[in-house]
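Given these sequences and hints, build the entire structure.
Now for the letters of each chain:
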Amino acid sequence: AQKVTQAQTEISVVEKEDVTLDCVYETRDTTYYLFWYKQPPSGELVFLIRRNSFDEQNEISGRYSWNFQKSTSSFNFTITASQVVDSAVYFCALSDGWSGNQFYFGTGTSLTVIP
Amino acid sequence: GAGVSQSPSNKVTEKGKDVELRCDPISGHTALYWYRQSLGQGLEFLIYFQGNSAPDKSGLPSDRFSAERTGGSVSTLTIQRTQQEDSAVYLCASNAGGLSYNEQFFGPGTRLTVL
Numbered sequence: 058a059q060k061v062t063q064a065q066t067e068i069s070v071v072e073k074e075d076v077t078l079d080c081v082y083e084t085r086d087t088t089y090y091l092f093w094y095k096q097p098p099s100g101e102l103v104f105l106i107r108r109n110s111f112d113e114q115n116e117i118s119g120r121y122s123w124n125f126q127k128s129t130s131s132f133n134f135t136i137t138a139s140q141v142v143d144s145a146v147y148f149c150a151l152s153d154g155w156s157g158n159q160f161y162f163g164t165g166t167s168l169t170v171i172p
Numbered sequence: 189g190a191g192v193s194q195s196p197s198n199k200v201t202e203k204g205k206d207v208e209l210r211c212d213p214i215s216g217h218t219a220l221y222w223y224r225q226s227l228g229q230g231l232e233f234l235i236y237f238q239g240n241s242a243p244d245k246s247g248l249p250s251d252r253f254s255a256e257r258t259g260g261s262v263s264t265l266t267i268q269r270t271q272q273e274d275s276a277v278y279l280c281a282s283n284a285g286g287l288s289y290n291e292q293f294f295g296p297g298t299r300l301t302v303l
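In order, the protein sequence lines correspond to chains A and B. Take the first sequence: its letter number 43 is residue 100 in our numbering, and every next letter is one higher. Take the second sequence: its letter number 60 is residue 248 in our numbering, and every next letter is one higher.
Don't read these hints as lab results, they were simulated from the structure. Here the structure is a predicted model, which is why all the values come from computation and not from measurement. Just to be clear, a hint being listed does not mean it is correct.
[Unchecked claim] Under the rule of at most 20 Å between Cα atoms (straight-line distance), these lysine to any residue pairs were calculated in the SDA-like manner:
1. A:K95 <-> B:K245
2. B:K245 <-> B:Q268
3. A:K60 <-> B:S246
4. A:K95 <-> B:E232
5. A:K60 <-> B:K245
6. A:K60 <-> A:E83
Here it is as structure tokens:
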């Protein structure tokens with residue numbers, strides 16, 4: 058069965074610290090897609106990144122980086138030099154090609170960056 | 189450009205009443221999703237539409253919940269005989285083509301409070 062686990066419920070860091078948000082997934086399919094979304098206090102989820110199962114290359118976008126490792130079924134998200142504006146709930150999600158396009162979301166990690 | 193819109197933004201109702209929540213997806217997006225987010229929880233999948241049909245209704249929590257989509261555009265989620273446990277934020281999302289690799293675009297949500 059498809060499942061996404063975000064074991065970290067809440068994380069607090071001091072501004073400028075680096076922080077890594079963990080995401081572990083389960084799927085029986087060989088073709089699947091992984092996503093990260095940010096939900097700021099305003100409430101609207103914002104798409105951050107998508108990776109497909111055939112591309113394990115890590116990605117960096119500014120202060121954000123993502124580490125995809127199929128061997129451990131993980132898709133971790135690192136924020137470097139965190140800022141107060143990074144405070145939000147972050148969701149990891151999985152979608153595969155065979156389950157009717159359903160998206161499976163983790164329970165989210167609430168990140169608080171303390172100034 | 190216009191994003192996903194939802195109405196009302198807030199709804200307070202009395203236990204036992206029926207409510208209708210509306211979602212306007214991004215123009216041209218064929219897939220539409222409804223999720224429920226209870227306080228401090230992750231996203232619970234409710235139903236998915238591809239065009240006007242709903243191939244996956246597995247997430248609807250009870251027969252009090254129903255949804256329809258007409259004209260491949262607007263969708264309405266109806267909750268009959270509301271209960272206090274229905275209180276949550278109801279999120280709608282759409283994506284282009286309903287393909288599993290397309291990221292979802294989320295609306296701002298409807299916050300439902302059942303007294």
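These are the hints, each one checked on the structure:
no. : hint              : in the structure
1   : A:K95 <-> B:K245  : 26 Å, violated
2   : B:K245 <-> B:Q268 : 16 Å, holds
3   : A:K60 <-> B:S246  : 15 Å, holds
4   : A:K95 <-> B:E232  : 16 Å, holds
5   : A:K60 <-> B:K245  : 18 Å, holds
6   : A:K60 <-> A:E83   : 5 Å, holds
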